[in-house]
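K.L.:
As they're listed, the protein sequences go chains A and B.
For what it's worth, the numbering used here labels the leading residue of the first sequence as 1, then goes sequentially.
For what it's worth, the numbering used here labels the leading residue of the second sequence as 1, then goes sequentially.
To be clear, the hints were calculated from the coordinates, so they are not data collected in a lab.
One should not assume that every hint holds.
Covered stretches of chain A (chain B as the covering partner; in silico rule of three or more C-beta atoms under 8 angstroms from a C-beta of chain B) [what the hints assert, rightly or not]:
#1 88-96
#2 129-140
#3 190-203
#4 262-271
#5 302-308
Note that this is a predicted model, so its numbers are computed, not measured.
Don't be surprised by glycine CBs; every beta carbon is placed ideally from N, CA and C.
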Amino acid sequence: MSTQESRKERIDRGIKVRSDGLYALMSWRELSYLTLPRFILIAGMLSLPFLVPGMYWQRVISIVCIYAILALSFDFLAHYVGLVSLGGAFFIGTGGYIAGILNSYFSIPPFLTVPLAAIIGGAFCTLLLLPCLPLKGVYFAIVTLMYPLFMARIIEAFDIFGGTDGLIGIDSFASSFAEQYFVICMVLIFLFGLRRFVTTDRGLIFTAIMDNDQAVKASGINITRYKALAVFIASSMGCMAGACLTHIYMWSGISQFALDFSILPIAATVIGGSGSLVGPILGCLILVPVSELLRDFGTLRIVFYSLILVGFILFKSGGIMEFGQRKYEQFERWTQI
Amino acid sequence: MEILVYGTINSVSLALMGLGFAMIYGISRVPNFAHGALYIICGFVTWTLFYKLGLPYFISIILSLCVNGILGMFMYRFILIRVRGMNISEIIASYAIGLAIIEGLRYGGFRGMNYTLPVFMEGSLMIGNVPVDFHRLIMMVIGVLLVAGLWVFTHHTRIGLALQGMAQDERAALMLGIDSDFMAMLAMGFGAVLAGVAATLILPLGNIVVESGYNVLIMSIAVCIVGGLGSWMGAFFAAFIIGYAQILTVVFIGSHFQMVVALLAIILTLILKPSGLFGHQKELEERV
Numbered sequence: 001m002s003t004q005e006s007r008k009e010r011i012d013r014g015i016k017v018r019s020d021g022l023y024a025l026m027s028w029r030e031l032s033y034l035t036l037p038r039f040i041l042i043a044g045m046l047s048l049p050f051l052v053p054g055m056y057w058q059r060v061i062s063i064v065c066i067y068a069i070l071a072l073s074f075d076f077l078a079h080y081v082g083l084v085s086l087g088g089a090f091f092i093g094t095g096g097y098i099a100g101i102l103n104s105y106f107s108i109p110p111f112l113t114v115p116l117a118a119i120i121g122g123a124f125c126t127l128l129l130l131p132c133l134p135l136k137g138v139y140f141a142i143v144t145l146m147y148p149l150f151m152a153r154i155i156e157a158f159d160i161f162g163g164t165d166g167l168i169g170i171d172s173f174a175s176s177f178a179e180q181y182f183v184i185c186m187v188l189i190f191l192f193g194l195r196r197f198v199t200t201d202r203g204l205i206f207t208a209i210m211d212n213d214q215a216v217k218a219s220g221i222n223i224t225r226y227k228a229l230a231v232f233i234a235s236s237m238g239c240m241a242g243a244c245l246t247h248i249y250m251w252s253g254i255s256q257f258a259l260d261f262s263i264l265p266i267a268a269t270v271i272g273g274s275g276s277l278v279g280p281i282l283g284c285l286i287l288v289p290v291s292e293l294l295r296d297f298g299t300l301r302i303v304f305y306s307l308i309l310v311g312f313i314l315f316k317s318g319g320i321m322e323f324g325q326r327k328y329e330q331f332e333r334w335t336q337i
Numbered sequence: 001m002e003i004l005v006y007g008t009i010n011s012v013s014l015a016l017m018g019l020g021f022a023m024i025y026g027i028s029r030v031p032n033f034a035h036g037a038l039y040i041i042c043g044f045v046t047w048t049l050f051y052k053l054g055l056p057y058f059i060s061i062i063l064s065l066c067v068n069g070i071l072g073m074f075m076y077r078f079i080l081i082r083v084r085g086m087n088i089s090e091i092i093a094s095y096a097i098g099l100a101i102i103e104g105l106r107y108g109g110f111r112g113m114n115y116t117l118p119v120f121m122e123g124s125l126m127i128g129n130v131p132v133d134f135h136r137l138i139m140m141v142i143g144v145l146l147v148a149g150l151w152v153f154t155h156h157t158r159i160g161l162a163l164q165g166m167a168q169d170e171r172a173a174l175m176l177g178i179d180s181d182f183m184a185m186l187a188m189g190f191g192a193v194l195a196g197v198a199a200t201l202i203l204p205l206g207n208i209v210v211e212s213g214y215n216v217l218i219m220s221i222a223v224c225i226v227g228g229l230g231s232w233m234g235a236f237f238a239a240f241i242i243g244y245a246q247i248l249t250v251v252f253i254g255s256h257f258q259m260v261v262a263l264l265a266i267i268l269t270l271i272l273k274p275s276g277l278f279g280h281q282k283e284l285e286e287r288v
């Protein structure tokens, strides 16, 4: 039987079909089939600080989680609201600076600055992005790409908040243990919260705005308000990540507006699987340690991950998550044509 | 007088940067975020050919322009063609290519202040009471000639008309037998060559630094957005607006604010009039 005469077909596994409906509650096997992937993710994330050796790699865990929060917010905004924001650095920088200012000028402890930075930063970013909300597609992408550069230049030009040196001497978290578990829990809460959120009525409106905004408008729903809400959610996540970053490095500066924070989460989303919300986290878990391993090669690692990015966009645009999900839920066989 | 002369020079160099980007977007609707990388790679290829291989300056420029054109066409043929029409993927893919080129050059040792290209002609001229060197004058003349040449090319040659047809309505162009993929590839090649021309004209005025690739990208996007994406004439006029605005800020406020002006121009234009000053995009498509 040559390959020309047959084709591959994919069929859902029996257990997948059974566990789709209410039958899932009937047996432990179906239940465990449903919960296993989630359990592995949660248990894996929570046990990471114990599994990873050395101070250096412990620090990498926190960085992974910060990128993961950022990538989550990108994925949510791009694939559930239809706003492609290339300005992850804008969120990180705003959150980082707000946390830095609150801590060094008003000496507010880290466990208060992080939520405060999330809320104030989210409001600030939403306010600044409000005029661009009517834009779509490439225009929104370009304008959000410009914002972090703009902020960095403003800080540089006016020489405020420490100018090019940045704010130094910011308090760190109580211990590295607290720091890691805080960011890990934040990633998990945001992940499952968002997954729940996009299926609620509000989430449905977001998806509808992405698919056909005119129709949503015609139904008498104020789309700008909903877009603003989505941007607020995404930007407060980003700002919280930025605030954590500031406290981890005990420093906030212009480099928090650097393009790294815009490009790496996007790369992670594309590699992990866009539109799945879990994908970005998997992508970060792979990409960030790889980029740490390649640190010796200097800027070559940027070359390396941009090439991976291009490869994934061209040949596996669904990402790892889609591939894994297919293997988990379906089996393949050759059939005669 | 100083403001007038240097404003014009600055404007022409901005227009040179922006033309390639405007051309590619106008024809193939691909926002080429690798524009800055193409600009900088042309400078380095010229430098390598001129200093390492010892070719005459003029020939090395021509060769590097060819290399750039081929690079642009390859980029379209093998990478961008697969994601065409998908906005997010186009931006990410082209930006990633640009990033790979720029950071690759940085890794390859092209950094620091010791890479310069010679100017075309030494000496300077007094315009009014402002000294202007010949190279800047040549740059202005070539810039204006290039815009005029592009106009003639797109209005009076077969390929130019085909490109214009594709820019206006791709499906109709397809029906009339214009191979849209081939034309988009050509447009990408031309855009890359234009980036190279801008590089060979502007780079001799300073050092070749890798970081300027990012600035060129930002400036060309600024010019194109303010002028209206896809409109070449718009890009040309917008270059004058931004160019003068920049020189005015440098003279009256401070050179720190030069980039702020460009970024502010982009943000304000997108908010107030997303189709740009001269754009003819359908308003509905870009904003609700």
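K.L.:
With reference to the structure, classify each hint as holding or not holding.
P.N.:
A quick look at each hint next to the structure:
1. By the rule of at least three residues with a Cβ nearer than 8 angstroms to a Cβ of chain B, the coverage given for the region 88-96 of chain A is violated, with 0 such residues.
2. Evaluation of the coverage hint for the region 129-140 of chain A: fulfilled, as 8 residues show C-beta separations to chain B shorter than 8 angstroms, against a requirement of three.
3. Coverage of a stretch by a chain is defined here by at least three residues with a beta carbon nearer than 8 angstroms to that chain's beta carbons; for the region 190-203 of chain A and chain B the count is 0, and the condition is violated.
4. Only residues whose beta carbon comes within less than 8 angstroms of a beta carbon in chain B count, and the region 262-271 of chain A has 4; three or more means the coverage holds.
5. Restraint check on the region 302-308 of chain A versus chain B: 4 residues with Cβ-Cβ distances below 8 angstroms, three needed, restraint holds.
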